[in-house]
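When you get a sec, could you build the whole thing from the sequences and use the hints?
In case you want the letters, here they are:
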Amino acid sequence: MSFEPKIVGFLCNWCSYTGADLAGTARIKYAPNIRTVRVMCSGRIEPVFVIKALYEGADGVLIAGCHPGDCHYQEGNYKALRRYKLLKAILPEYGVEPERIRLEWVAASEGDRFAKIVNEFTEQVRKLGPLEIKKSLYESMKDDAVRHEEPIGKNGENLDEA
Amino acid sequence: MSVRVGVYVCHCGTNIAGKIDIDEVVRFSEGLENVALVREYKFMCSDPGQALIQKDIEEGKVDRVVVASCSPLMHESTFRSVCERSGINPYLLTMANIREQCSWVHVDAEDSTDKAKDLISAAVSRTSLLEPLEKRVVSINPRTLVIGGGIAGIQVALDLADAGKEVVLVEREPSIGGHMAKFDKTFPTLDCSACILTPRMVSVGQNPNIELLTYSELDEVNGYVGNFEVKIRKKARYVDPELCNGCGMCWEKCPGTRVPRKGNAHEKLSLGPTSSIYMPFMQAVPAVPVIDKDSCIYFQKDKCRICEKVCERNAIKYDMVDEIVEYEVGNIVIATGFKTFDPGIIKRYKYGVLPNVMTSLEFEVMNCAAGSTGGSIVMADGREPESIAIVHCVGSRDNNYHEYCSRVCCMYALKYAHLIKEKTKAEVYDFYIDMRCFGKGYEEFYDRLLGEDVRFVRGKVAEITNVPIHESEKDKLILTVEDTLLGAVRRIPTDMVVLCTALEAPDGLPDIAKMCNVSVGKDGFIIEKHPKLGPVATATDGVFVAGGSQSPKDIPDTVAQASAVSSAVLSMITREKIEIEAATAEIDEDRCCGCRICNTLCPYLAIKFDVEKNVSVVNEALCKGCGTCVAACPSNAITAKHFENRQILAEIEGILSAAK
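Keeping their order, the protein sequence lines are chains A and B. Quick note on the numbering used here: the first sequence kicks off at 1 and runs consecutively. Quick note on the numbering used here: the second sequence kicks off at 1001 and runs consecutively.
Honestly, the hints are just simulated from the structure, not real lab data. Note that CB positions come from ideal geometry on N, CA and C, so glycine has one too. Don't take each hint at face value.
[Claimed, not checked] Calculated Cβ distances over 12 Å to all of chain B for the following chain A residues:
hint, residue
1, LEU11
2, ASP21
3, VAL61
[Claimed, not checked] Here are a few chain A residues that face chain B, going by a calculated C-beta distance under 7 Å:
hint, residue
4, LYS29
5, TYR30
6, PRO32
7, ARG35
8, VAL37
9, MET40
10, GLY43
11, LYS52
12, TYR55
13, GLU56
14, GLY57
15, TYR73
16, ARG82
17, LYS85
Following this line, the structure appears as structure tokens:
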């Protein structure tokens, strides 16, 4: 029985959500692992939403907005892009593989593209396996930490072998 | 806070029920927190389906609603109306999309049912936290501001004025008329441009509903749809329009030269008097002259004052100053037209370097019967030309300058070819890339020209030179061109060259756009709301665009677009009120630290800074509810109504509650 990832998708009302609906009206089939949250603009999406989703049990998060230049509110998707890039750079600090979040532009007419993206992303996250949020900050940073002293814990235990 | 959420699960015939186990979904929903009752029905959107919801609300069993059915994009407004009719706020509703994004797209029934349960759980969590929102309604001032007095602005002004509505028409030149006033004949019918334009100009001048402000510019715009406050700068004419009767003595006697009086025929081209006190052309509306300070002897050297002396009405007032006037309007129309490309930057064409190379607009003015040559086509030294070249696509369809096609040049090139054949015995060479004759009567006009002995050469002119390599090229302008149909490079000597220059966005359009809160595109023209279905509206409610400022176009299309604007504006005015977005952003004064990060993020400039309180404030009338500022606020001071953080986080929890 293969691992079934849980994916949360944030879709913007005007383009990507409409595109996802179009996949529905065209009866295009895609993986059932995704659950969507509708927002008015991808620019509304805060990093805390993505982190909350991962924390609550999602294995992957998809953000979908309008193509650059087509944002219903002019520039919201550019803001989403900037925040997403920053988030992707920060997530590894928490032990989250950056491949677990993905930003895609989906137009209102791109139902088939939405389905394709969901299928691809679901497979990608399936290969990564279930997300394990590291219990402590030290654990997540262990491999990158610069050693200044021996990794001996409070009780004399070797922290590396913990 | 205890809430009573009613969950209504729709079968949608077999669209949902055929894949999803409705009974299981109902059972599951009954167990969710805050759910007062769950119902199911074949078609929730039908009358009996809606009645189910209405009854529960009216009987007090339910005070918030979740409908698990199709997409909100389909029926959110339907169910919002049900809520309103039944007596609860229409924003206390969420739809769980278990059709377009569930039963229709997944294969396995169990997977679909699981997903439906998660989506309903999310919807219930969110709905429990929704806040009632008030529909916002603003009134529409029936007065309209039209910026630009060319044929587009004139058409809008007349349409609205004839409908009994007030119009303020602002034009920065001394007279209305725009580019049409500079044309001799119009294609393809070859009617006289002034003959069809001037009656309209006169109507504008005489219509009591139109406040005509010429030689004036837009200074400032404040407010929002239905309620704009605009400031117009009336530039000083130095002639009192109340006293002037247009007799013309002043420009007859004026010694100042605005346009050279000596020099070659092409330098002296003008439609109106060449003196410093002048009217741009004789049929100007209003028929009141203006003093050009730069060439006026009094303003430059403090001498002369002849116009003042000869004016019987004492209308000359050298001490006039710019005046700012204010109006309240409900809608704004941008109809500022276009300007023509300056071919001087294409060095190979020698415009401004060699004589007898002229732009299409200069050629138009020369052809006007009321112009300085009396309508005759002459070379710079006054001789009649033996041959004339017309060059298409100067600055258009060119990656170095403008990628776009200027739409009108092929047709006016044909018009010129015809006029030249009519007025002179000159040979005509027409250098084209394509012949774009798309409109009514246009292809027929081209056909006619093919029979008028015009030499059509398919090739883009590479260079214009006066350096001859053969006796026959002496004292001529030689055009080098690859004749693509012949497959050879040719040198064609002519006496005169007319360059069909591209149509560009007019000077100052970015400033006007900024003032009116609209954008210009990469090509410099105003961006319309939607290229197909919204060609006259803009992203800013209450601001419309017509004519050349939206994109290059001919007169028929301009007039059609102008009337489309009038229709849209009249629709707003007759409605008297419009609803604006309720799900706007709101800034908590106490949390805001005054960092102003949100101010520059808003594409609608809806956030202002209150200097006294040191906080930012959202103008609800301008806010469209996109939420970009909400996500950016480092103090979490901004709330997006109906898409609050706590509501979205609850939705996420609801989706993943089974995952834990």
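Checked hints:
1. LEU11: 9 Å, violated
2. ASP21: Not fine: 4 Å to the nearest Cβ puts ASP21(A) too close to chain B.
3. VAL61: 10 Å, violated
4. LYS29: Holds. Min distance 6 Å.
5. TYR30: Where the cut-off is 7 Å and the nearest Cβ of chain B is about 6 Å from TYR30(A), the hint holds.
6. PRO32: This interface hint holds because 4 Å falls under the 7 Å limit.
7. ARG35: 4 Å, holds
8. VAL37: 5 Å, holds
9. MET40: 6 Å, holds
10. GLY43: 4 Å, holds
11. LYS52: Holds - the Cβ of LYS52(A) comes within 7 Å of chain B, reaching about 5 Å at its closest.
12. TYR55: The hint is violated - TYR55(A) has no Cβ within 7 Å of chain B, the shortest such distance being about 9 Å.
13. GLU56: Cβ of GLU56(A) sits 4 Å from chain B, so the hint holds.
14. GLY57: 3 Å, holds
15. TYR73: With a closest approach of 4 Å, the TYR73(A) hint holds.
16. ARG82: Result: violated, 10 Å to nearest chain B Cβ.
17. LYS85: Cβ of LYS85(A) sits 14 Å from chain B, so the hint is violated.
In terms of the numbered hints stated before, the structure departs from hints 1, 2, 3, 12, 16 and 17, listed from lowest to highest.
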